[in-house]
Amino acid sequence: MSAKPTSKARSGQSQAESIEAFSDAEEARATGLLQILDENGVTHGPVPALSAADLVRMYEGMVRGRLLDEHLLTMQRQGRIGMYLDARGQEAGVIAAAHALATDDYFVPALREGSAALYRGLPLRAYLAQMLGNVNDPAHGRQMPGQVGSRASHHVIGSSSVASQMPHATGLAWAARMRGERSVVVGFVGDGGTSEDDFQSGLNFAAVFKAPVVFVCQNNQWAISTPLSTQTAAASIAIKGLAFGVPSTRVDGNDVLALYAAIKAAIDRARAGDGPSFIESVTYRLGTHGPTDDPKRYRDPTEAAAWQNKDPLLRFGIWLHGQGILTVDAQTATRQRIDDEIRAAITAEEAAGPPSMTSLFDDVLAEPTWILSEQRAEYLRVRKRRNP
Amino acid sequence: MAYEFRLPDIGEGMAEGEIVRWLVKQGDVLTQDQPMVEIMTDKATVEIATPRAGRVLQCCFKEGERCPVGEVLVIIDTASDASRTPGPAAPTPLPTPLPAPVAHAPTPRPETVLATPAVRKLAREMDVALTGVRGTGPGGQITADDVRTAKVSAGLVAPTPRPTVTGDVRIPFRGVRRKIAEHMLRTQREVAQFTYMEEVDATELVELRSKAEARLSSHDVRLSYLPFFIRATVDALKKQPQLNSYLDEKAGEIVQRHEYNIGLAAQTPEGLMVPVIRHADKRSLLELAREVERLATAARTGRVSPSDLGGSTFTITSLGALGGLSATPIINYPEVAILAVHKIAKRPAVVDDRIVIREIMNVSLSVDHRMVDGHDAAMFVAEIKASLETPGLLFLESR
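Top to bottom, those sequences are chains A and B. According to the working numbering, the first sequence is numbered sequentially starting from 11. According to the working numbering, the second sequence is numbered sequentially starting from 4.
Extracted from the complex, chain A is given alone in its bound form (with noise of 0.2 Å):
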């Protein structure tokens, strides 16, 4: 670090006895707000180098994630899928990390971040086979719906323990280091998680042993009904990286530029060798925490109004149209094209009906025992003379 401060020398302590800590300006990282594309899809200061082509598929990504949300709650109402927590007013902070991360960098999502793993390759069937737990989901609905993981598209599997995704982060990233590998993780976290032990572990871990890791945390101001105001007395989410040593930024989560930018710029720093750093999404939870939640009874409604001016999605429109990447048309057909996909995809695995009553047997171990080929035996025995 640079210029060292003499500031934070508290008063009543001699210069003598205080040490060095962060700079002011580490300081205004963590607790000031970084924005490039403002709510009224103006942008401020430079914008980070993306082509149109790349822009174009960030704003399909977002919005993909944003119709999966629409189509996934109605569906789960429906009876048609079991759970669903969505990501409505998030997307941005998703798919910037989605893009900024390399083929061989790994995702740890939090409980959200589904559409990441669909920007890296899953496709859009398998995703939805995992929603409905069907035939051809590879876990056969043995996992919460949501919670998608992607071998091939380096997504971790989904861990609903709040904030275990900072120390998984963490030990995958410093495996990748131990391996000689270039790969750098991009770990997700709640702002309800920053008040778990997980969180201090996995942060603490990352800047000791410089993991090549990047936090992200997507403070979407409530964690169920717990609202930020409770849930911490620090002046932001962000600052509390800077008691581990590590670098933190507090950024506007509905801006997918800032986003990306600070995203991007962390990922290198890992990649360098530089260790890790903490990034503080400032976003919001439009919808409910999930299908047995019920935000009326805890939730100023003029707050969600206030927050739906600020969406990724509609400033992100604003200005692509703007630039002429994408026009307002385009971007209504952009919709439609993908509103159809989903609908076929769903149409498709819903017919693809549930996984077979032998998968029971069959999923427990590659090579049976003889306890299991016997019971699942005993089974085929007795379907067959209920139906015979």
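If you're looking for bench data, these hints aren't it; they were derived computationally from the structure. There could be a bad hint or two in this list.
Straight-line distance between alpha carbons at most 30 Å, and here's what the computed DSSO-like set of lysine-lysine pairs gives [claimed, not checked]:
id, chain 1, residue 1, chain 2, residue 2
1, A, K320, B, K46
2, B, K46, A, K306
3, B, K182, B, K46
4, B, K28, A, K306
5, B, K388, B, K349
6, A, K306, B, K182
Ranges of calculated distance between the beta carbons of each label pair, as one might list FRET restraints [stated by the list, open to error]:
id, chain 1, residue 1, chain 2, residue 2, range
7, A, D64, B, R180, 55 to 63 Å
8, B, T300, A, D278, 45 to 53 Å
9, A, S61, B, S308, 46 to 54 Å
10, A, D64, B, D45, 42 to 50 Å
11, B, E15, A, D373, 53 to 61 Å
12, A, D373, B, T139, 30 to 38 Å
13, B, E15, A, D64, 38 to 46 Å
14, B, P244, A, A35, 56 to 64 Å
15, A, D48, B, E15, 36 to 44 Å
16, A, A149, B, T139, 30 to 38 Å
Beta carbons are placed, not taken as given, at the ideal position from N, Cα and C, and that holds for glycine.
Given chain A's structure and the hints, the job is docking chain B onto it.
Coordinates of chain B only, in the frame set by chain A:
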């Protein structure tokens, strides 16, 4: 083709949903995924959209009624799908909902009502038709409670709203109101309740509070009498733990709680609610005052958070200045006691054989006589009386 939409389990293990509002009516033509009904579960109110396009043949439940999971909620004629959306074909022979892998016990059909002979006898005596009762017992069996609940619902809910010529106001009996009714009735049904009343000389308490409030004028909290009552109650509960307990009938044990979570009966725009001061024994009087104020504001504005409800071990009900002389408060089941505190007023009293003016307040304690003997109830009230008459005692063990 008539498609039957059955209410799915849209929560985590929900058993039924209450129909809050129909967004469609018989005869309406629906497009796929058009919202059709608002359902309230234990946890949330949600909108359900139709998975099929078509014309509504029948909405099987009325607003305010409760639809069990797996029952037919709405029937849609998919053949008359006039508004089929162009483009992607509607999902043709979808298994919706997916067939259950193994045949579970089906929801009992009217002709195969499951009930024991004793329950059938009870139903005959109470004039309840078992075919209309939903069983909550194992395998959908109808229990004696189900019959009683059905009787109560039939008595309280008007079956068909008659045309009003008299100008009577008819208010749907559902939501919070019905929850309150069910809860109160449960206490009346299951608890052997008696009420014990006592007079308290609150003169010293009145003086102490006015002095304390004068000192606190710079603080941002209003010090009512309630924190004192809570503290006196907690102290008395520590000495009479059988009043801070509940009956675990399954285990055949009386559970004396180690926590002191004091529920405060409060009027909210939606009706009676009982927000809870958790760990009241670990809070100072001022901390209690702040918590009381926070919960009172939440109650007044109708924004009591679910996390502030439930889990109380003892309840206090206070109507403040309205307070009355005495009452027979109904226990907040499964607790075993509830304390009502009444208004403080100047009244003549005999002190050292002279009639003097004192600040007098009454308290009424209802207890579950199954768990609490009359002697213990009297001792408990005597403890509270002693603390409030000499409020300095409240600070002996204060935290």
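Consistency of the hints with the structure:
1. For the given pair, K320 (chain A) sits about 29 Å from K46 (chain B) by alpha-carbon distance, which is consistent with the 30 Å threshold.
2. The straight-line distance between the Cα atoms of K46 (chain B) and K306 (chain A) is roughly 11 Å, inside the 30 Å bound, and the hint therefore holds.
3. As the CA atoms of K182 (chain B) and K46 (chain B) are separated by approximately 13 Å, the hinted pair is consistent with the 30 Å bound.
4. A C-alpha spacing of about 26 Å is found between K28 (chain B) and K306 (chain A), which places the hinted pair at or below 30 Å, so the restraint holds.
5. With a C-alpha separation of about 17 Å, the suggested pair K388 (chain B) and K349 (chain B) falls inside the 30 Å cut-off, and the hint holds.
6. For the given pair, K306 (chain A) sits about 19 Å from K182 (chain B) by alpha-carbon distance, which is consistent with the 30 Å threshold.
7. Our hint of 55 to 63 Å for D64 (chain A) and R180 (chain B) holds, since their Cβ atoms are close to 57 Å apart.
8. At about 50 Å, the CB distance of T300 (chain B) to D278 (chain A) agrees with the hint of 45 to 53 Å.
9. For S61 (chain A) and S308 (chain B), the Cβ-Cβ distance of about 48 Å falls inside the hinted range of 46 to 54 Å, so the restraint holds.
10. For D64 (chain A) and D45 (chain B), the Cβ-Cβ distance of about 47 Å falls inside the hinted range of 42 to 50 Å, so the restraint holds.
11. Roughly 24 Å separates the CB atoms of E15 (chain B) and D373 (chain A), a value that falls outside the hinted 53 to 61 Å.
12. Between D373 (chain A) and T139 (chain B), the C-beta spacing of about 35 Å keeps the proposed range 30 to 38 Å intact.
13. A hinted range of 38 to 46 Å for the beta carbons of E15 (chain B) and D64 (chain A) is consistent with their spacing of about 40 Å.
14. For the pair P244 (chain B) and A35 (chain A), the beta carbons lie near 59 Å from each other, so the given range of 56 to 64 Å is met.
15. At roughly 40 Å, the beta-carbon separation of D48 (chain A) and E15 (chain B) lies within the given 36 to 44 Å, and the hint holds.
16. Our hint of 30 to 38 Å for A149 (chain A) and T139 (chain B) holds, since their Cβ atoms are close to 34 Å apart.
Hint check: a violation occurs at hint 11 only; the rest are consistent with the structure.
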